[in-house]
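Chemist: As given, the protein sequences belong to chains F and Y, one line each in that order. 210 is the number that the working numbering gives to position 210 of the first sequence; each next residue is one higher, with no gaps. Each number in the working numbering corresponds to the 1-based position in the second sequence with 1000 added.
No lab work stands behind these hints, which were simulated from the structure alone. Among the hints, erroneous ones may be present.
[Claimed, not checked] Across the chosen pairs, the derived CB separations fall in these ranges:
1) F:T442 to Y:A1438: 38 to 46 Å
2) F:N315 to Y:P1409: 22 to 30 Å
3) F:T442 to Y:D1391: 19 to 27 Å
4) F:E401 to Y:N1446: 54 to 62 Å
5) Y:K1044 to F:E401: 15 to 23 Å
6) Y:R1368 to F:A51: 34 to 42 Å
7) Y:T1314 to F:E401: 43 to 51 Å
8) F:E406 to Y:A1369: 32 to 40 Å
[Unchecked claim] In silico PhoX-like pairs for lysine-lysine, Cα to Cα no more than 20 Å straight-line:
9) F:K261 to Y:K1115
10) Y:K1223 to Y:K1213
11) Y:K1397 to Y:K1364
12) F:K361 to F:K493
13) F:K347 to F:K234
14) F:K400 to Y:K1452
15) F:K445 to F:K405
16) Y:K1397 to F:K261
17) Y:K1445 to Y:K1397
18) F:K261 to Y:K1452
19) Y:K1223 to Y:K1333
20) F:K43 to F:K142
21) F:K338 to F:K323
22) F:K288 to Y:K1111
23) F:K362 to F:K234
[To be verified] Residues from chain F that keep clear of chain Y, each with C-beta distances beyond 12 Å, as calculated:
24) N62
25) R65
26) N219
27) N306
28) G311
29) E318
30) E397
31) L425
32) G427
33) D443
We treat Cβ as the ideally placed atom computed from N, Cα and C, and that holds for glycine.
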Amino acid sequence: MKVLFTCAIALVGSLYAQEAVTAAPAQDHHTATESATKATIYKSIVRIEVASQVPDYKTPWNAGRFSGGTGTGFLIGKNQFLTNAHVVSNARRILITMHGSSRKHQARVVHVAHDCDLALLELVDFRPFADLAHLEIGSIPKLESEVRVIGYPMGGERISVTRGVVSRIDFRPYAHSRSDSHLIVQIDAAINPGNSGGPVLQDGKVAGVAFQGLTQADNTGYMIPTPVIRRFLKDIEDGSYDSYADLGAYDFALFNPAMRKVYNLQANDPGVLISSVTSGGSSSGSLKEGDILTAIDGYSVDSSGNITIAGERVNMNEIIERKFAGDKIQLDFIRDGKKLSKEISLKTFPPASMYSAQYGKKPRYLIQGGLVLQPLNRNLYAAHKLNNPRVRRLFSEYVKEGIFKERADILILTRVLDDPINSALSGYVGSAVKSINGVDITDIKQAHELLNPATPPEFFEIMLDGLDRPLIFPSKGLSEANQRISENYGVHKANNLSN
Amino acid sequence: MKSFFTLSIVLASSFGAMAKDVSDSVIRVATTLQSYNPSQPWEKTSPRKRRALAAVLPNSQVLTTAEMVTDANFIQLESANGEHQIPARVVAVDYEANLALLTPNSDEGIKTLGKFNGLEIAPTAHLGDEVNIVQIEDNGMTLITEGRIQSADVVASFVPGHFFLNYEVKASMQSAANSFTVPVLKDDKLLGLLTSYSSKDQIVDIISPEIIKAFLKDARDGKYQGFPSLGIGTTRTTDIHFRDWLQLSSDKGGLYVTRVLPNSAAALAGIKTGDVLTAINGKPLDRRGYYHANGYGQLFWSHLIRGSQPIGSTIKLDLLRGGKPLEVSATLKRAPEGIIPSHTYDKAPRFLVKGGIVFQELTKSYLRAFGDDWVSRAPLNLLDAINHPEDYEKGRKRLVFISAVIPTPATLGYESLNSVIVEQINGQAIEDLPSLIAAFKKVPKNGIHTLKLDGQPETIYLDAKVSDTVDQSLLARGLPSLSRETE
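In isolation and in its complexed conformation, chain F is listed as follows:
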């Protein structure tokens, strides 16, 4: 079964779709001190109102869609508000409102981590908030224990509190980046649009950040637990977010008896098979395909790639999850029957961003002779519904087969702005550009240079992946055509080569 996660940000439009609310009789059985503590905590939980500009990968020269939404955030330090990355993604204006006040304070993003859906904001003028309590980051709540979710979800303007029970602790996908999985805590309180970025409290401390729900289940909410929050806060201590490191190796479970026999493993021997090593990744040069990884940083790895930390059986990548780029870890493995041990230095792996949703970046593109070329990534893949089998293959094997080494950008012909100079080429939209004038394409800047040489050739010859004929357009009349195209199609800028 495929499960859809939804990020719990309230879009402005959804405010108009409120449901009728029946008032429940107020209950007051708390002591005075309890109420006082609560009031203090409520003050530190703020409503975040965001106006955003979402880049348009379909017509990349356009400004994009102006939109907005609301979310929740909370004060964790002096002028430090924690919220979800997806609340402030593509933000152009951020306003923070205190509980019990209607004044809007301008804020800005200090750090944003799309891979773990967390962001740190600051106010332009912190003085009105200076006396508020800072929420303390606690620990992972126990299964079946009760937590409170506080925030500003849809259905009203004021603060909302719901209670729930911790129902599961697991390693699950984070919806925001569409390509990352981290530790996640599931609770049985619904997390609704607007709750995003709000604290989940236990014993007065932060147990997590509410961030996503399930579309196919009721009363299921997910929060980002404290190890992920702490890691984010530690990562930004040096002034920049470096994102997660990556082992750079794929494993294959060693369940098969014949396989175990060949690798000379007894039934209870540890170790998982390394099925491939990403070239240029952290393990590159240390691990090889066919190695048996037996321990990672001293933790024994079982035949399915799991380790045991504090009594819990978790994926071995949990070790990497808790480390930072530059950290060293010890790998114990067996190669050709010999026990080996190597220390590797962890690094982030930028080519993997091919698979992550991009935010806050102006899409890169290049137009020449009405041919629109854009580098492939997840946003582009979704915007243009690419279906060409060669393109799908380049996408899926970009990291695994090391395609990124030769082709940092996979340039896709995403559109032909019809003009006499290209009138016969619209049928080739959706293919990847292999070469221009006989030179293999490595990235968009190089492609731009090849398409705009100092002395233009008589014809530009573009070869596409999997197509046996070149696309041709002449240099003669090209600048006139570009002028025409830019006027007719409202393309005010012929390219954006970096973001």
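Knowing the structure of chain F, use the given hints to seat chain Y on it.
Modeler: Positioned in the frame of chain F, the structure of chain Y alone reads:
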């Protein structure tokens, strides 16, 4: 007295629908078709039935479409009046041209059919000619629909990508007792077989007499060879900048050659990728690949090869290479099948089950079984092999892959290894399924088979003894056999 009576009947009916009784020149074909299960190649899918009307030819032969008899287990001919039921067999079949020649199984059937009024093949028709479409109603009455030939076109009526000359006829038909595979007559001769009817446009497609004559001529000696093919892929030269780059003058048409199949007629004639094919046997091709055919108007070039020429004939091809004219001659032959056959009708898929791993040879039919949107749903690596077989041809006659992994003690941990292409078994390169079977027969000293795959991991292992035990238990569980070595 009696003859006078008959005559008056004929007159009466000719005043009505102008229908002549041709019920002794046509015969119903009822077939039971059953194809192999693509994912479980040891078994067949549930059988289905088809009925159509076929044309009776002289010499107790019957002509129908290939799709009527493809994967047929049982073929029966039934006379219009219900008097005769004659089991029959296929004499020759051409899936590409969508034609099949049948004959009764028994001498008795041949004798019975011999009493029918076998149809002659009509000469080539002209645009605007009137034709009669023959159907038989349940009660045995002949139903004639008149139509007029609107155009001639080169279309694929059964196997995608194989184009043959068809007539397109405007006619308003009713659905009678059988499907729209029916004979079409002109002047009481067989003009063609109707293969499709669009009720929306009221247009029918009819396989032309040229194609039928060529098929029957080829089938006469009992060794059917099929239609030749040049073995090239082409694209139009309508794009003016492409034409300038090719140095094509504006008075020239022609097709740009994008691909030349190795060992094809074109390859042997020296045609190269990048050539422009401007004329075939002196007939100039226009920018879209059409030529002027007398009486038919513009026809697609492939009819100059497939339908106009038998295998072994030599044709003259005019090319432009680097802007300079060049003339070559090609001796026509069948296109090489390549490592991935475009169709495998009436063939049993070769397979091997080893320890629960199911090995098969990749065919287009296998991928089409992924449904209407198979181009999106089929496994990406296999789609790539179909689109670019040249990348996989080296050392292979066929592409062997793992089509399924049955969970068994021998395949523990391998359940996810679907659709992976097989490179080597026990150090032997795998060129087709028989070579895979042979490679598994040599059990290595340590008792473990080594499988090298185009996947991750690259190497997996199977315990020979455990696999054999598992295979025996699969047989006990109802698999009829563990392998099929011949198609």
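Chemist: Hint by hint, which ones does this structure get wrong, listed from lowest number up?
Modeler: The structure breaks hints 4, 5, 6, 9, 16, 17, 20, 21, 22, 23, 30, 31, 32; every other hint is satisfied.
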